[in-house]
Amino acid sequence: MTVVAMAERSTGLAPASGTAREGEAAGGRAEVKPITPAVVVPSGPGFAERAGDALRALAAALLPPIIGLALLVGLWHLGTANGGGIPTPAKTWEAAVALFSDPFYREGPNDQGIGWNVLASLERVGIGFGIAALVGIPAGFMLGRFAVLSKMMNPIISLLRPVSPLAWLPIGLLVFQRADPAATWTIFICSIWPMILNTAQGVTRIPQDYLNVARVLNLSEWKIFTKILFPAVLPYMLTGIRLSIGTAWLVIVAAEMLTGGVGIGFWVWDEWNNLKVEHIIIAIFVIGVVGLLLEQALMLVARRFNYESR
Amino acid sequence: MKKTVQIQDVGQSFDTKKGRFVALRDIQLDIHEGESIALIGHSGCGKSTLLNLIAGLTTPSTGVMLCDGREIAGPGPERAVVFQNHSLLPWLTCYDNVYLAVERVFGRKEGRASLKQRTHDALALVGLSHAETKFPHEISGGMKQRVGIARALSMQPRVLLMDEPFGALDALTRARLQDELMKILSDTGATMVMVTHDVDEAVLLSDRVVMLTNGPAATIGEILEVKLERPRDRLALAHDPDFAEYRAAIMEFLYQKQLKHAA
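Heads up: the protein sequence lines correspond to chains Z and W, in order. Take the first sequence: its letter number 242 is residue 257 in our numbering, and every next letter is one higher. Take the second sequence: its letter number 56 is residue 36 in our numbering, and every next letter is one higher.
Same shape as in the complex, but just chain W (with noise of 0.2 angstroms):
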């Protein structure tokens, strides 16, 4: 299977007045093209730290990371990330917000009207067409949110970075919003990395589930292989033993091995 991304031996360390802060250290990951990968552990363990550096957004101090064979040096339009907070501009509307990422990744190459088509499309695939003309502020948190993953998938990106995208959203929203997801990326066959606290949504959405350890010098302790059928049906799984047996297998690691650990 083609490695969309490649992460090798890369550590992440802070200058603080303390000294030197050892966040990440001795991560090895390989990500495959259409795979959807769960990033979880105790907060403060570096999850985020990880995909801002997926992202960009900050540069490792150890180590490599390519996309693509590329070496990420910085931000760029292929790994687009959804955050936590939606962060949408509130004086654009839902539209614009989206417009403003296809104008900046297809600006170039393509018209006004195919630019404005693909806005439409990205709008449509989270169910969102009606709200287009809607400022963030008029719209609920989970729309908010869907529109975040519009602007993200409109830029048609190599890998979805999501920074615990429902972390913020009410429990029947998070999961309608888990099962759209779902859909969109095996429609897309989009390559996703999300970040979460939430053990149901990293066995429900994901293909492999990464365990870090607790920090500080954070690193990666168990990679837990999600063998379930797609498509995933949340209710059936309810009942599923495969899925309690994952389930349970992350609790182990974060409440007994990570805890103990900690202590």
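Looking at chain Z on its own, in the form it has when it is part of the complex (with noise of 0.2 angstroms):
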């Protein structure tokens, strides 16, 4: 989850964001186009052009993903129309209609809405995530300000770091006896490494000036952390929490179907158990979107914070 890890998840990302701005780039020439007519008349031949115009650009920029969804939605169709175990498209959308119609019933513990499943699964993310950034940001910022203590600590995060969080959770099953804390657990172990990792990186990266303005203004350690320390961090800190959110939502779902209870990852293995293979194809949608969600929301935050240009 350091450099090599940041790196793929934005090289991952680059299309996406490409796409958007040629979407916009296009947007924004096929506005300047009608300008030749120095009046505008709301429905001359102008205004058309410019609608026209206005309509091939949302075309240009919508029709490229609804093409590659209609693929694999054709593909899908194709490979499961003479039967077989896995449901055919119609058949999926139908169950999803049946199911998202009410999504938040509740009869009994193992029976319930798969709203609450994903209600359940995102407050174990939110508890054990959070209980990570509230050590692991500290712990990061300690890291990167004292080499001592990074030269203590950097052999057992090495150690650490690349083990499956899942191992971790007989460990959390020992000591917490029951399985919801557990579960936490291992979101909480696999959540903590990037935002270490990553705090650390910026604390070590602040640029000399910055802490030389500090020196020569004097500044009380106070402020040198709110107004130098912190913000110059804070991007590194996002990427590491974007990080720990993008995994932490990988090993929910591992970690539910292990100890059950609600939550996204124990419904599709109780679906599994229940054969019902579209609940199971729903839930791998709904898993995506909700990663989808939260990677942009943070990528929106980031974005915010963002002080390329200096």
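Note that these hints are calculated values from the structure, not bench results. All values reported here derive from a predicted model rather than from experimental measurement. Keep in mind that the hints are not guaranteed to be accurate.
Dumping the calculated DSS-like pairs for lysine-lysine here, alpha-carbon to alpha-carbon at most 30 angstroms [stated by the list, open to error]:
1. W:Lys89 with W:Lys163
2. W:Lys89 with Z:Lys238
3. W:Lys114 with Z:Lys238
4. W:Lys(-2) with Z:Lys166
5. W:Lys163 with W:Lys114
6. Z:Lys166 with W:Lys(-3)
Hey, can you piece these two chains together into the complex? The hints should help.
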């Protein structure tokens, strides 16, 4: 989850933002064109042309992803139309409509709507991730500020970081004696490394200029923290948070399959036992959409605090 | 004349892997109140090292440095620094960048209204009242450097230290900022030490040009007194024989004495 992982993430996302920008650029060009008539007549040919151009720009932005999705659904249909264990898109759609018409029903602890399951998973991720942030970000600041600490902790972190968080699940079960906190515990373990490492890296990469400013102005430690350290490290911290959330959302599904209870991971396993494969496919989409939303929300926050053009 | 900064027998050396590296030796210099001094020399001669010593960002290996008769033990607001790359904090507006300095220096003695007034005044001094709410990435390089100067001046320092402040700017912007700086210095009577590698800038702005020999173990080679009338006008000076002579003297030092010495 260090630089390599960050690079993978950003390259993975680059095409998406690239197309968005191209779309905007196309839209911009489309608006520039009809300036030629000096007076803009609302219902003249200029207006029609402009509306046409805008539509074309919209189509250029939306069409490729729609075609991609259609291809996926088409292939899925072709592969499943002749029977077999996997349901067709149409059947899955019907099941999804039925499922989402009542996402928040409750009939006993093991039979709840998909909405409750997703919320339960999000809650576990939120708690585990929140505690990891409370521990990991201050720890990252300490490691970045004091080289001795960093040298002390680095071998331990390097050793533990590659371990699948699920390997920690039995330890959680042993310590907490209950399934639910054990699942939260695995989330904590998998979330904490990216936050420690990225925060620490941010602290060590603060430009010397800013620290010189602090020294020349003779700022108090509190001012140095609030006005220089924290804002300078914030983008790195947000990268850590984004990586953590991504991993946490990956891990929670597996953890819940093992621990049971309420949650989207458990739900997938339960539907497998009921042999409702269309529900599993729906769950895959739901997990994907929630993960995407989490990632995009954090990207938005990160963009807000990006001071690239220094 | 009152001595603002005194540098006595100052030397600076660093411990490197290859052993001891002597950057500066035997520096003797008194900087008088209200005086403008240019430090000039080839790159790597230690002129920035000398400025950092005055700023207190580094401490000398040998010798004594005094500011107003007191030893320079570390950085302080009475020796404000304008950095080469402006070093504004990108997450603060121009106003907040200056306010940070004002608050630090005057926050204990003065009320909020007075601090705000000082910040507004400092930005007005460099002609940036209209850009107070802008962030550093929204303004040009010349404007950023002016905010840096405003931040330094807002602290009402005893001496203004500038490390190649206009080095990264284009020639036209540089000329305009030099003129503005001259006006500000004459209005405020501030003492200034400027590191530069621009011969014209050195002659135009300073009362004395301190020329450093080539490193390692650089020291002061010559000191040239620039006795041009103030206020100075760059257009008039372009044809001034004295200006040309001062210029020639520095060029001679840099490109004859020092290059031979280096080779």
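Quick rundown of the hints versus the structure:
1. For the proposed pair W:Lys89 and W:Lys163, the alpha carbon gap of about 29 angstroms is at most 30 angstroms, so the pair holds.
2. Between W:Lys89 and Z:Lys238 the CA atoms are separated by roughly 18 angstroms; this keeps the pair inside 30 angstroms, and the hint holds.
3. At roughly 21 angstroms between alpha-carbon atoms, W:Lys114 and Z:Lys238 fall within 30 angstroms of each other, so this suggested pair holds.
4. Proximity of W:Lys(-2) to Z:Lys166 is assessed by CA-CA distance (about 26 angstroms); at most 30 angstroms being required, the pair is judged to hold.
5. A threshold of 30 angstroms between alpha carbons decides the hint, and for W:Lys163 with W:Lys114 the separation of about 25 angstroms falls inside it, so the pair holds.
6. This hinted pair checks out: Z:Lys166 and W:Lys(-3) have alpha carbons roughly 22 angstroms apart, not beyond 30 angstroms.
When held up to the earlier numbered hints, the structure conflicts with none and fits them all.
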